[in-house]
Amino acid sequence: SQTIHQWPATLVQPVGSPLSLECTVEGTSNPNLYWYRQAAGRGLQLLFYSVGIGQISSEVPQNLSASRPQDRQFILSSKKLLLSDSGFYLCAWSVLGVGGYTFGSGTRLTVV
Amino acid sequence: TQLLEQSPQFLSIQEGENLTVYCNSSSVFSSLQWYRQEPGEGPVLLVTVVTGGEVKKLKRLTFQFGDARKDSSLHITAAQPGDTGLYLCAGSFGTDKLIFGTGTRLQVFP
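Sequence order for the protein chains is A and B. So that you can map any letter, position 84 of the first sequence is 84 in the working numbering, and since no number is skipped, the others follow by simple counting. So the working numbering is basically just the index in the second sequence, starting at one, shifted up by 112.
Chain A on its own, in the form it takes in the complex:
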C-alpha cells in the first residue's frame, strides 16, 4: 500500500540554526511531491513542488529550499532559520491525473 512518512513530528530550533525536514513515499513510483506550510488553523500555502528527481519549483520567495535526491524522497531545508519560519509543515504526494493528495502527518516547527 502507499504510505508517506514525514519526520520529525515536532522540532524546536533556535534562530539562525539550519533545518532539514525529510519526507519519503512508499508504494508508488514517480509521484509529484509537495511541501506546504500551514499557519495555525488556516489554509495551506504551497512552498515547493517536484515532478521528478532534481526538479524543484518554488512557489514563494523565502528562506527555505527543497531538494529531491531520489524519486520518493523530498527534503525541505534552510541554512539559517528565522522566527517567521515557524509553522506546521506538510509533505504530500500525488500521481498526475489521479485525483487527490495524500499528506504526511506534518512537522510542527517552532523557531525560538
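The set of hints was computed from the structure by calculation and includes no laboratory data. Here the structure is a predicted model, which means the values were calculated and not measured. Where is the CB? At the ideal position from N, CA and C, for every residue including glycine.
Incomplete in silico selection of chain A near chain B, CB under 7 angstroms:
1. Asn32
2. Arg42
3. Gly43
4. Leu90
5. Gly99
6. Gly100
7. Phe103
8. Gly104
9. Ser105
10. Gly106
Since the structure of chain A is provided, determine the placement of chain B on it from the hints.
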C-alpha cells in the same frame, strides 16, 4: 493570484444541526477537492468534483460543484461531534498543483 475564500471561517453548533460551508473563487476550477484535517494531522481527502453542477454524497455530507465551476459547497446533515475539524477546499486550475482555501473550523458540541 488565484484565491479560494471559504465561509464561514468558524462554525460552532450543537449535535444534530445542519450546516453549509462555502468555497468561492473568481477563477474557474478544472477540479475541486474537499479535505478534513484534525489537529496535529495532515488533511485527508473527502471528495473530488470535476463537472459543473455535480453533486456527490458521502453519508451525511453532500458536496456540490457550481455550474460555472467557480464555487463549491459542503453541506452536513445532522452534525455529530466526530465531524469536528478543519474543512479545506482545494482547487486545481489545469495543473497538478492544488491551491487551498482559507479553511472553515467546525466545532460540534454534544
